[in-house]
Every structure is written in structure tokens, then in C-alpha cells.
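Add chains G, D and L to chain F, keeping to what the hints say.
Number of protein chains: 4
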Amino acid sequence: MNDNLIYYDIKDVYNVKLHGRIDRSMDVIPLLSNGQGIELNSTGSELWVDIEADYDFMEPWVAIEINGDMVSRFMIDRGEHTICLYRGIQSGRTTRIKFYRELQAMSEDPKTRLVIKGLHTDGTFMAPPYYERRLEFIGDSITSGEGTYGAPEDEDWTAYCMSYSRTYINLTCKELNAESHVISQGGWGIFSGWDNDRRHVIRKYYEQQCGLAFGEENKKYGADKPYDFASWNPDAVIINLGTNDASAFNEASFTDPDSGDVWKLRRNEDGSIVPEDEKRIIKAAIDLIKMIRKDNPSSHIVWMYGMLGYDLSLVISDAINRYKAESHDNNIQYIMLPAINKDTVGARQHPGYRAHEIAARILTDYLKSVFV
Amino acid sequence: MNDNLIYYDIKDVYNVKLHGRIDRSMDVIPLLSNGQGIELNSTGSELWVDIEADYDFMEPWVAIEINGDMVSRFMIDRGEHTICLYRGIQSGRTTRIKFYRELQAMSEDPKTRLVIKGLHTDGTFMAPPYYERRLEFIGDSITSGEGTYGAPEDEDWTAYCMSYSRTYINLTCKELNAESHVISQGGWGIFSGWDNDRRHVIRKYYEQQCGLAFGEENKKYGADKPYDFASWNPDAVIINLGTNDASAFNEASFTDPDSGDVWKLRRNEDGSIVPEDEKRIIKAAIDLIKMIRKDNPSSHIVWMYGMLGYDLSLVISDAINRYKAESHDNNIQYIMLPAINKDTVGARQHPGYRAHEIAARILTDYLKSVFV
Amino acid sequence: MNDNLIYYDIKDVYNVKLHGRIDRSMDVIPLLSNGQGIELNSTGSELWVDIEADYDFMEPWVAIEINGDMVSRFMIDRGEHTICLYRGIQSGRTTRIKFYRELQAMSEDPKTRLVIKGLHTDGTFMAPPYYERRLEFIGDSITSGEGTYGAPEDEDWTAYCMSYSRTYINLTCKELNAESHVISQGGWGIFSGWDNDRRHVIRKYYEQQCGLAFGEENKKYGADKPYDFASWNPDAVIINLGTNDASAFNEASFTDPDSGDVWKLRRNEDGSIVPEDEKRIIKAAIDLIKMIRKDNPSSHIVWMYGMLGYDLSLVISDAINRYKAESHDNNIQYIMLPAINKDTVGARQHPGYRAHEIAARILTDYLKSVFV
Amino acid sequence: MNDNLIYYDIKDVYNVKLHGRIDRSMDVIPLLSNGQGIELNSTGSELWVDIEADYDFMEPWVAIEINGDMVSRFMIDRGEHTICLYRGIQSGRTTRIKFYRELQAMSEDPKTRLVIKGLHTDGTFMAPPYYERRLEFIGDSITSGEGTYGAPEDEDWTAYCMSYSRTYINLTCKELNAESHVISQGGWGIFSGWDNDRRHVIRKYYEQQCGLAFGEENKKYGADKPYDFASWNPDAVIINLGTNDASAFNEASFTDPDSGDVWKLRRNEDGSIVPEDEKRIIKAAIDLIKMIRKDNPSSHIVWMYGMLGYDLSLVISDAINRYKAESHDNNIQYIMLPAINKDTVGARQHPGYRAHEIAARILTDYLKSVFV
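Protein chains in written order, with my numbering: chain F, 286 to 657; chain G, 286 to 657; chain D, 286 to 657; chain L, 286 to 657.
Some clues are possibly wrong.
Just so you know, same-sequence chains aren't split out, so a pair can sit in one copy or run between any two.
Capping the alpha-carbon separation at 20 angstroms, the derived lysine-lysine pairs in PhoX-like fashion look like this [stated by the list, open to error]:
#, residue 1, residue 2
1, Lys627, Lys459
2, Lys564, Lys609
3, Lys564, Lys575
4, Lys296, Lys402
5, Lys609, Lys568
6, Lys627, Lys653
7, Lys489, Lys568
8, Lys609, Lys579
9, Lys505, Lys396
Worth flagging that the hints you see were computed from the coordinates, not collected in a lab.
If we strip away everything but chain F, and leave its shape as in the complex, we get (with noise of 0.2 angstroms):
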């Protein structure tokens, strides 16, 4: 870091684009899900960053896009750190810059935590870059990027094998130009987890802030306040759920160690879905909708399912037509994505950045075709 940069408290940069539900009342700004991040115009030659991260298992990683390509990405260790973001570019030329966390939301590590305290420069922030669109994405495991990184043949849970670089959300959001907001968890589902963990569902933590990232610490930072739905209006709300309500039907019961419960979706002898579990799912999908239309009644609402696998694509259909059938309300829509095959399959037999890139495509052609 050159002598002559000047520190600036993040809570006093103006000029700054928030990416993500971020509370700018604090004077850090937390940095607790994926896409999450900070954008900046800069005009200095070089451009530093204060942070301060911590886990327990699941280490922060995050990434740098200079004008909008990626040139960075590295997991960041416990502790206080100043990043360089960018140097060596001629003063006075305006950067564009963008610093944003790879890893979703850990709500299995409370103590995974990346906080952005102060920037250094020799330049000053121009307005940051406008976005004609807002996209809201809700999602597990394939929206957590998960397999978007890694060889095929790594099979530990790691926090390098997930991203937001290599997503179809960032793919589609540079094709629309679009800010993102996400809300993913892997392994979560609509009714279940993949492991008939039943507290494992998006809904219940929607509303909130930032409410996938658990403990005490994240609380701090608003995690689980409401969420001001007032204050970012979505063109269009994302959802892709489902693969692992249907992964839970091959799975073992689960066993709540609260209450002792134990749960499973059952199966039919002859392989079919038993239809009260059939019936649970749809309700809980229902009911999703409901609160995502009730906290974004203007929005368009798309369902996109398939990447790994067709199973509930007919139960999810028929949530929304129930759906549909019971609110009058037409500004939704069902889009199948293509399963992944040898070609596009990533690491942890998750969808590779290949298949995100056939996914942003179907996807940005059909909110094309929306936002017209």
C-alpha cells in the first residue's frame, strides 16, 4: 500500500453500491450471504480494502471484478485484513470496481462472519454503476454455486466448491444488466432438507434480513431483523427450489433432536410419491408464494426447477396452478431447466459452471420476453 492513501471509514463513502439486503445503518457493513458486496467507480491507482472475517469450519471466500471481470478470488482467514482490490492503474482513470462474497450464508458455521470496515485510496468514488433491473433469488445448493468450482472427483464440503462468480445469477444479471439479492441455502428445501430435516425451509427465514446466517455474532449485524421490503422492489423473484424435497424421498428419516420427532417423505412401493407427502409439499410451496406476492406484490414471480433432476417438476407445477387457481394472480410463471449430463456436471455432482451458463441463457431469454 503506498504511503500517500487516505482511509476512509466505510460508513462515510457515499458513492458506494450496496449488492445484497444490507443494512447501511451500522458503521461496518457485513457481508453475510453470497453476492453479497460492495461496488465502487474509483479514480485512485490502487484501492484497498478493511475487512474482518471469522469461522468455525466454513471459511468466508470472496472475489474482485475489475470493469466486471473477474480477476480475483481467495478464501479469507480469521481476523482483521487489508485487501488490495485493485493497483497499478494510472490515477484518474475510473475503475470499476467490485469486492462481493462467494460463500452463502452458513447457517451450520454461526461463526462464519466477513465484515468490510474502511476503504484506502488516492483517488475519489464517482457514482457508483446503475442497474436497469432488481432480481431477487431464492435457492439451495445449486444457487449457492455449489460444484461451480472444484474437480469432479472432490468430494468433501468445502467452501471452495461454491460461488456466485459462476452462477447463472451472475451470468443473467450481466445479461440484464440486474442487481441481485440472494437467499440460498444448500442442502434447504420448499417442505424438507435433503435429510428430511424438516426445519431446513427457506420461508421460515425469508422475511428476515438475513436470517440464514445464524449465531449470536451475525446477529449483531441485523441478521435477523425484518426485513424492509419496502426499501428494494424486485422486477422479478427467483425461485429454485425442490431438488432436495426430492432427494428427501430416497433419504433416511430424520430424527428433530428438539422434539424427537422423527419424519420422512415416503415413497410407494412401486416407486411413487406417497400423495400425502405429495399434498404436504404443495402446501409449503403454496405458501411460499404467498408470502414472497404478499412481500413483493408487484413482482414477477418465476419457479425454476430441473438442473438436477425432473422428480417434483409436476407437484411443483401443480402448486402454482393451485395457486393460481385460488389468488387470481397470473404474474407467475414455471420454467424447467435442463438436467445436467457429463458435459456440464460440475464438482460434487452439482451443476459445473457449464450448466449455470445453459440456465442463465434460458432464464435471461425468458425475462427477456418478461420485461419487454
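This is chains G, D and L only, laid out in the frame that chain F set:
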């Protein structure tokens, strides 16, 4: 044609593989529909075919594949012709030769007709190729390959724009080593044709040998005879309908020339579909599925939709869900295909070859997962 | 053919665009070589062409493009034929129609012949399309499109395996809005044919109208007349030769049937080329370039090579360097093309369509940089 | 970092695979040049590396590959750091980990420096991976990966724009299971740098351990020591030079700061190259080839050129031909690569990742044909 070739009546050629719903009880082999054709393992240095054709305004087109690669494609004029299927091959070498119709059954041109009468060769015919799978396809202009040939600016509805060779059918069958039966008609639908003509629904002709080949002449070839479903048991039946029903909502009303009835599928003022009309489509879709199931008790049924827009996706899903709830038949699935975009559109605003390649990839992957 | 069509002798059709070195002084238009054809802007609802053809063992193949998209491709049998170029178009609409020969001039089958005699239409012919560039191509089987059609396992040397439609020539010309002249012959070379037959060098026939169309019959069409180079000034002459000279080093010696001379291009024991033979190729290459330069004083000359291996790349470069040093002519360049691999190979171990697409991309980019 | 990790001096780690010309005689492992790095088969649940770095204006960048997939890439600031190479893997599972330098040796920033001192892990190191082939690459900014990262509009010459990870080197080596040595420097040439600075020729430093890493500090790591060519015998040496010599003809003259000599490569008025200057380049190219041959008697030598234009292609060919004629050495070849176009350009008008993929495909195919 060399002098030393020997002529065989087609009825006397035992080692011929017939593609499509073809009645071998006649002296000739009529090719009444797209994808219908003959295939031979021929040892001759050359092979010619005697055919007879007719049409009023839509001339039949055919294609020739040698060892699986299409090398020739052309129209057939009225009258009798002797056409070279190949020549110049070393005598004794076995050549796999397929000669098939590109043009759909032409309901609007009852004179369109193409029959195979005999073969000329200096060789013999070995056992024909074996196919592992049997697939039946039911569709509209997409399945008739409209737009797979022709320039983007082509506007007229011409025979050359349609094909079997470049459709997702041909591509899927090659990947799965499958043979196909095709029942498709451009402009037709589930409940209504694109122009609100309610006579134009595939279901009415599905159970005939080749009911979409209208006219007295085609009757002679058994076009309207009941089809013997026991004769060929498909592993899967693929339905690709709904695009024209969706169009009908945006078109003027249609006056039935016979009854004088005026008919139109209707939208509400807010653009949504009139529920009563939606129910009509759902009922028609269920009736179609029931008929297919009755005729093909053990076949997997998959409905695919979306290449020209997703408008009726949830309506079709609803029909399938209602059918499943009523019948407890779970051997049915629904797949959405990506809508075309500027890179995948072909002639006449229809899916181009690239769009069919994408559809074939998705369908092939899906069927592989079913056939395991 | 409708009754109301009017017949025009081709000699009376003024608004016809001729492709290739074609002599308009005759009553008919002979298509003696690959890429030769006619192009029309026709307002009729249909258009038919009268042709006459002959062959001994290599039948002529043709293709039809409508508005720039190839829709048909087929062989022509011996005798007189009336062939439909298109039909079913709304009368009065202008359709751009191109009818051209796929098969190279057949030096080995002097009976191969194809002539256009007249046209039938119910419309008129508007001014033909204008091309911005003129390109001349000189080559061997690669330039004759051998392998661009046919299955990988095809072994025989057949007419259907060759094309103009799928060659780098056609693709390059479409991108540059250029018309082409082609002088190519499978198996021929700079100094020697693939089998050490020294008679098979393009240079000997380059200055004739269409010298590679052998035989008395073709002479009637002026095939062996001196070509009038002043009549058509190419922006660039592309030479694609050397592949067969390279092969000759690996083949047996050839005994000239006329002189009885035995000849072979030789390798040393270590596999390297005998310097004396290398010099022979260099001299022949320089002689070819000199002839092309004399005949086309202002054209850019580019030699491209490599699709079937790089063996003679440095030898060809040496020839060009020597020519440049001697002539001080700098309007010449050399381009290497990528060798085929398992993804780009076509029939008969020759470049497939994908290989020609790659070659066209490289040549097009290069010519754009020259034509700025 | 967990408390239970054990520290190992890097000098004590036997099972480490070194990439690049690296001297193991020191206590530390200096990474002085692009592609230099360490690779380990590690059984620990985590692995950290102790490094030390410095720079004046060009900071070193590094990348981490886990099981062959790059998951992280970032700059290293001045000072000592402990960096996590991976964590969160199940203990006992063998993870293949590669940590390497992205940035070229920085002749213009003699302070640029990166050294590895030790490793921390809770596991052991198994036998490192085995590579079948050894490849040496000699080049300029293309080989230093300039433009493989960064946006098209990036203008400054920055460290993040350069890489080893996205170059044709890395891609080719992965396909051939090869390891690489790289000697490359942006702006340098055969006879002259891009700006007519004649000091900037690779040949002057080729025989040193890592001569392009200037400065007293790097000397301590043996940068200017004679390289022991007997220690590593490459299967092929790939030269990718000439682009900057071509540029120099279009740039202003250069005044040598030491001697005061003014120098410029010259064009004639008609744009052609002054023959005397061409001869200078040819001589320098021959001298380079001779040196490489002397140092690598049995290696195949291939010169590849063209990604940024074909201007000197024939000049380089001429040099190779003259070398061959003089030396009778036939174990050398020349390959042209396709020039970049709008779809393949990266940052700073240099080849992008897509261009490197194309180059790698061509080089890989070629080397496979040599290595049979």
C-alpha cells in the same frame, strides 16, 4: 443405371426395414408421413428405387442417408420415377441406406402422395439394421420440422422448410439407436388449431394408420384404417403439442365451414386466459393422454413443450396432474424445452436446426434416465 | 410444373449471375466444375431449369440455395431433365435462387458433363445479386470438398462425398459477400499427384477455361480454351496445394503410361526429404506462383496449407520466400490451417464440415485484414 | 490454521514436485517466473504455506489448483505471509495441490520476488504426481498470458492481466500430462523488443537459471546462474516469438540509454520490410535456434506464431529453412496459429482465454503427432 441391375418388386424384398406406421399388406410401400421410409443393408455397387408421386400444391420431399449420414435431399415431382439411392460403391461392400420422407402428411393437400414400388440392384439385401428402442412422436409444426431448412427471411409455407432429417426426432433416435413413428401436423393442437379451427386436433386421427394423409387416394393405401397398436410397442410416446392452442388465443375467431359455428379461445381483459377455455384445453389434453395410454399400456409417456414459448406450460402440467390423480398412472412426465432465441431460430420464426439439437440433447438425456 | 410457365432459353436470360469461369458465348451454360452455377432474383411462384447431363462413373451432383440457405442437394442422372429450383412461393415475391455444381471437374471421367439449357417460370428475373469481392481458389481434394459429406466409415471414392456447399470456399464467400472461381482436383499437387503421377499438377491447366474437365465433349464447351484473365479480376487468389505432394513421398513409384518413365518423390533413410526432390517442389511452387501473378497482376495471393498435416509447410514457405526475394513482390502471404483431429475429420479421412468451418474462420479473418 | 498442524521447512519436504527451473540447493524455493510452483499429494485436512514476497510496482500473483481445478487466484503483498492452500478436507484423503506463480519474471521490476519457506499440515506428503512429458516454452506477452484476465476495456499494464493458469501452456500440459518450463517476457522479441529496444531479446537470458528476474535480490536465488540443461531434458521446446519484432517496424526509434545508439527496424515506402533488417531478424532467429539446439540436443523444436498477426511468418519460416539447410537438423517444425478476432480477443488487445484454448488445441494435436 447399369444394364446388369435386377429389378425387385418391393413386396418381394424381405430384408427391408420399414420406418413409420407402414402397412406391408400392399404391393407397394406408401410413405404417407414424415419419417416414413425404408432402410436396407445392400451389397450392390448401386441401388435405385422406383417410386410414384403426386400432389396438388405441396410436393413431397425425401432424404437419403448413407451409413447414417444424410447426403441428399430433394423434392419429388408428379409421376413415376426411378431414383438412384447410391452408386459407385465397390461391389460386395455392405452399405446401409435409408430413404425416407421429409414432408409431413399433408392434410391440406389430399393429393400429396409418395409410394415405393421396387428396387434395382446388382447386389443382395442383408439383414436390416436392428434398433434397440421404439419411440413415437406426436406433434405440430415443430415436430414436422418446419423451419429446420430455409433462410430466416423465408415467408411462405413451403414444403422445403419442413423436414424429418434435422428434427429433434432424428437426432434423438440416432443417439438412442431408436426407430420412430411420427404423427404430426403443422398448425394443429390439443383442443384447437392455431387459427381456432377446432377440427385440427391430432387426437381425432391418432388411432388411424396415417389419418392425417387425407383424400381418396391415400385411403387406398390404408391411411384411414384403424392402426394396429399391438404391432409395435413404443418404449416411450413423446407428445409435443400446445404451441398452436396458445396461438389461438391471439388469433381471430374461426367459422366452421360445415356447421357455421364461430369459435375462439379467449383472453380476459388483463390478458389472462378465460378459465372456461383453459378447462377445455385441459380436458382435451387429458382425453389425448387417456387415448395414448389405452393404446400403449406399457409405454412411458413424456409431454415436452416450450420451444415457441411457455404460455400453456402450466395448463399442460395441470392436465397431466389431473390425469395422474384420476388414473394413478405415474408412468408419465413433463419436460419443458428452452424457447428459441435469435441464435436458434430457423426459417419462418420456427425452431432452427440448432434449436432441435438442444431439444434432442435434453430429450435424449431424459430418456436415458428413464430407460436405465 | 404449372401450365402457365413460360420457357426461356438460358442464352436469352439477361439477368443471370454466372458463378465460375463460364463462357457466355454459347447457347447453353456448361457447369464444368465445382462451384459453377447460376443465380437469379426471380419473381415467379415457381422456377424450373432444363439441364442435360452425362457421365461414365462419376455422376454430377448439384445443390440449390434459396435466399442463401441450401435446401436441396442431389445427383443428376444421364440425359435431359427438367428440375424444379423452387415452387410454392407467393407470386411477385423476389426469391434469390442459386443452382450450382457440387462435383469437381472430373479429369478421370471425361464423360462427366452438366449443361443448363433453359428456364421455366411464371415470373420475371430482376437484377441479380451483387458481390463485393472476387476470390479465386486453387486446390486439391480439400478444395473439392472431399469428405464434407459421408460417414466416417465410408471408404469408396464417390461423387456424393465431394461438395462446394460445405467447403471453406462457400463459407468464406458468404461472410465476405464474395463470388468464387474454383480450380481444384482431388489427388493433384504442386509438382506431383498423391501417387507420384507427375502429370497431375494444377499448373498445367490453370490457364485454360476449365482444363480439368477432360474429354472431347467438354472441349465443345470450351473447357480447354485459353481463359480470358482480363474478364474477371480477383481481389485474392487462394492456393491450397501441397497435401498430395507430401503424400507422394510415402507412396510407391509411378510409371508414366505414355513415356514409361518411373518416378517417385524420395525420403532419406532418416525420414527426411531428399534435398533434390524438395528443390523440385520448390521450383514447381515458384513456377505456379509466377503464372498466377502474371495472370492476376493486382490480386493478393495467399497460400494456405495444413488441414491434412504440416509436412511440406516449410518447403512451401521456402518457395514463397524465394519467389519474393526474386520478384520483390510482397503482395503474397502464407497461412497455415489447423490439422484435422477426431472432432473435425469427415468421410474418407478428409476434413469434415467442422474443419472447413474452422478454415473459413481463419481465412475470412485474414482476408478482412487484407481488404481493409 | 488449526493448532495441531506441524510446520515443515520446505527444504525438508522430500515429496514435493517442483515446476519450472528451480534450484533445490537453497533453504527456500524461489518462484521467479510464471508457471513456477510446487505440487504435493497431501493427506492432511488442511495445508498452509509460508511465503515471503516483495515488489516495487508489479506485485506477484499466484494460483491454487486442487485436484487439477483452479479454485483460487490472488496477488501477494509485500512481506511474510502464511497462506491457506486448502482446508476442510477429510483427514487422510489424498488431495493433489498445486501452488504456482501467475506473473512472469519481471525484468522491469527487479524487486518483484516470491519465495516459499515452509508448509504447515496435519497430514503427510505422498509421492508427488508423475508427468509423462516435459515441455519448455519460450515467448513474449502471449506466453506470459497477458490479456487472459481482465476486461476488454482495461488499458493499463497490470499484473492481474497476466497468467499461467489460462495460457495455452497450462491447457496443453493438462492434455498431454506434461510439466512445463517457461521463459517468457512481455514486449521482448527475437532481435528487438516491441519498441526497438534491442536489449530485449530472450536469447540473452535463455541459458541462465531464470535470467529475466533482474536485480540483486533475485541473484541471491540464483536467477543469473548458468542453467544446468542436463538436469531436465524436454521432449519439445516451443518458441512463440516474433510478435514484438513485427511491432517494432511500426514504432518509433529507440535510444539506448547506455550507449546512446539510436535504433529502429525499418519499412520501405511501399510498406515492405527493409531487406537488411529482415536479415537481422533471420540471423537472430537462427542464433536462437542454434542455442536451443545446443542446449537441448534431442528435443523436438517447434516455433509457433500468429496469434497477433502474420506479419513475420515468412521471415521466421525463412530462418528455420536456412537453419535446416545449414545444420541438416530436421527435428524442428513451424506452426502458425490463428490470429485473434473479436470473439477471441482478451484484455489489452491481447489473446483472451478462448484464443489460448484454440492455440492449445492446435499445439496439442501437433505434439501428439510428434510424440507417437
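Hint check results:
1. Proximity of Lys627 to Lys459 under the C-alpha cut-off of 20 angstroms is restricted to the inter-copy arrangement: shortest distance 18 angstroms between copies versus 27 angstroms within a copy.
2. Proximity of Lys564 to Lys609 under the C-alpha cut-off of 20 angstroms is found in both arrangements, the shortest distances being 16 angstroms within a copy and 14 angstroms between copies.
3. For a Cα distance limit of 20 angstroms, the shortest separation of Lys564 from Lys575 inside one copy, 16 angstroms, qualifies, whereas the shortest one across copies, 24 angstroms, does not.
4. Taking identical chains as interchangeable, the C-alpha atoms of Lys296 and Lys402 lie at most 20 angstroms apart only when both belong to the same chain, with a minimum of 8 angstroms there against 39 angstroms between chains.
5. In this assembly of identical chains, the alpha carbons of Lys609 and Lys568 lie at most 20 angstroms apart whether taken from the same copy (13 angstroms) or from different copies (18 angstroms).
6. Proximity of Lys627 to Lys653 under the C-alpha cut-off of 20 angstroms is restricted to the inter-copy arrangement: shortest distance 12 angstroms between copies versus 29 angstroms within a copy.
7. With identical chains, the CA atoms of Lys489 and Lys568 are at most 20 angstroms apart within one copy only, with a shortest distance of 14 angstroms there and 37 angstroms across copies.
8. For the homomeric pair Lys609 and Lys579, the shortest alpha-carbon distance inside one copy (14 angstroms) is at most 20 angstroms, but the shortest distance between copies (31 angstroms) is not.
9. Within a single copy, Lys505 and Lys396 get their C-alpha atoms as close as 12 angstroms, which meets the 20 angstroms cut-off; across copies the closest is 44 angstroms, which misses it.
In the structure shown, no violation is registered for any of the earlier numbered hints.
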